[in-house]
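Please build the complete structure, drawing on both the sequences and the hints.
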Amino acid sequence: MPLIVRTLFFAAYRDLAGEPSAEVELPDGARVSDLVACLRERGGAFARLPPRPAVALNRCYASLEDELRAGDEVALIPPVAGG
Amino acid sequence: MARAVLVREPIDPARLLASVEDDAHGAALLFLGVVRDHVAGRAVRGIRYEAYEEMAADVLGAIVTEACRLLGTDRITVEHRVGALAVGEVSLGIAVSSPHRAEAYDASRYIIEEVKRRLPVWKQERYAEGGEAWVEGALPPAGPGRGPRP
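Protein sequences appear in the order of chains A and B. If you read the first sequence in the working numbering, its first letter stands for residue 9, the second for the next number, and so on. If you read the second sequence in the working numbering, its first letter stands for residue 21, the second for the next number, and so on.
There may be inaccurate statements among the hints.
Part of the chain A face toward chain B, derived, beta carbon under 8 Å [claimed, not checked]: (1) ALA19; (2) ALA62; (3) ALA70.
Hints were generated in silico from the structure; no laboratory data involved. Predicted model, so just to flag it, every value in this text is computed and none were measured. We put the CB at the ideal spot given by N, CA and C, even for glycine.
Dropping the structure here:
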């Protein structure tokens, strides 16, 4: 069964995506890295997303190897610059 | 007692310092991050801060909790501003008090370094001559991994 993952874009990545969020459909068993690959394959500015960005899964820093589950919220995190 | 928040309104340094007052503490320390008017020789008129707000609130809270545990003081208040700031405005305020100065300096330094390293906040510089750019920041640490499906 495919799963739908809500994906958030911030700062420079949102500028590339042209939108703050997207719903992405992936096959069961997909990992965060598959989500990133799927987005990059959309082409256009999405292709300029880095292949291995920092990511957060449900608001915690995560690994690209983490397996996704239905209802997950994934954020692509550009290099951070607080302070 | 410790408090860590993202704010949209201007940060009031005096209120921040007052929030950590403690008669048993001999050291009170205030750190302010301030928007400066130039970067690499280029004039800046302001900075816009953006946050992944839900996560940033959690991460800022975790950083302050770590600082409390490491340094044995729970009198810490941290405010990080988001939105459009002009030159001279305060983007980050860290107030700490502790019995002695060493813990206060250490806690304050720990918090600012961890904010730079892992708080999901971004800044866009706006240049005096026009144009704007996202500041290339620090690559945050990867998480521990979620493990196998339950």
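Verification of the hints:
no.	hint	result
1	ALA19	holds (4 Å)
2	ALA62	holds (5 Å)
3	ALA70	holds (4 Å)
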